[in-house]
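There are 2 protein chains.
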Amino acid sequence: MPNAINFAEKFSRFAEQWQPKIVAQMNDYQFKLARIEGEFVWHSHSDTDEVFIVLEGEVRIDFRDGAVTLHPGEMFVVPKGIEHKPFAPREAKILVVEPSGVVNTGDAGGDRTAPNDVWI
Amino acid sequence: MPNAINFAEKFSRFAEQWQPKIVAQMNDYQFKLARIEGEFVWHSHSDTDEVFIVLEGEVRIDFRDGAVTLHPGEMFVVPKGIEHKPFAPREAKILVVEPSGVVNTGDAGGDRTAPNDVWI
Numbered sequence: 001m002p003n004a005i006n007f008a009e010k011f012s013r014f015a016e017q018w019q020p021k022i023v024a025q026m027n028d029y030q031f032k033l034a035r036i037e038g039e040f041v042w043h044s045h046s047d048t049d050e051v052f053i054v055l056e057g058e059v060r061i062d063f064r065d066g067a068v069t070l071h072p073g074e075m076f077v078v079p080k081g082i083e084h085k086p087f088a089p090r091e092a093k094i095l096v097v098e099p100s101g102v103v104n105t106g107d108a109g110g111d112r113t114a115p116n117d118v119w120i
Numbered sequence: 001m002p003n004a005i006n007f008a009e010k011f012s013r014f015a016e017q018w019q020p021k022i023v024a025q026m027n028d029y030q031f032k033l034a035r036i037e038g039e040f041v042w043h044s045h046s047d048t049d050e051v052f053i054v055l056e057g058e059v060r061i062d063f064r065d066g067a068v069t070l071h072p073g074e075m076f077v078v079p080k081g082i083e084h085k086p087f088a089p090r091e092a093k094i095l096v097v098e099p100s101g102v103v104n105t106g107d108a109g110g111d112r113t114a115p116n117d118v119w120i
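Chains as they are written, first to last, in the UniProt record's numbering: chain A, 1 to 120; chain B, 1 to 120.
Any given hint could turn out to be false.
For chains that are exact copies, the list does not tell them apart, and a pair is met inside one copy or across any two.
[Said to hold, decoys possible] Once the Cα atoms are required to be at most 27 Å apart in a straight line, the calculated DSSO-like pairs of lysine-lysine come out as:
#, residue 1, residue 2
1, Lys21, Lys85
2, Lys21, Lys80
3, Lys21, Lys93
4, Lys10, Lys93
Read the hints as simulated data drawn from the structure, not as lab findings.
Just chain A, same shape as in the assembly:
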């Protein structure tokens, strides 16, 4: 019998920021934990929506026409094709849900692109 997936235990295994780690897969969707702090890059995912659930800290997601701020116990669905830029004033812990194969920088690419199939 597999064990429960404990987010705190998974976070205790890595410290690097902006490097999502897969903790579970449901059909062809993956659940990824990430530590984020500061600004990310503007990007979009042309083929898929993307879910952010905040577990710890505060996360702002900037859009070209506004922003949404998320606290623990809150989630947001970024619609496919919409440019967005996550930001966290201090380190925050998030759970991202999206199809397998999605890259963190989406269509933008660049040096902030993390390996996209790292399990922890």
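Fit chain B to the supplied structure of chain A, relying on the hints for placement.
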């Protein structure tokens, strides 16, 4: 700009147990909040995995060959086709992620079947 989806605020809008409420959709997957307490029925979903994330309380998922107990900050993926029976000793609050159209009682049906397209 849509607001953040706040789980506590969503839970404040309903009291009934075992009646999942959709709070978000990502592609063709839905995020559902539910209050559960006591025993559910044995059932399986022949076409899909199903994710349980515990937000409050303690949830045990029984399988024919074992069980897993989940606490807040823990999740579990029930594989498709696997019979399971959720149980909560006291009221627990959970987030379920699964494709749209999935019925809570799966292939079992019966009088515990909840309407499966109720947004809140």
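Going through the hints against the structure:
Proximity of lysine 21 and lysine 85 under a CA criterion of 27 Å is satisfied intra-copy only: 19 Å inside one chain copy versus 29 Å between copies. In the homo-oligomer, the alpha carbons of lysine 21 and lysine 80 lie at most 27 Å apart both inside one protomer (21 Å) and across protomers (23 Å), since each shortest distance falls under that limit. Proximity of lysine 21 and lysine 93 under a CA criterion of 27 Å is satisfied in both settings, with 12 Å inside one chain copy and 25 Å between copies. Taking identical chains as interchangeable, the C-alpha atoms of lysine 10 and lysine 93 lie at most 27 Å apart whether they share a chain (11 Å) or sit on different chains (22 Å).
Of the numbered hints stated above, none is contradicted by the structure.
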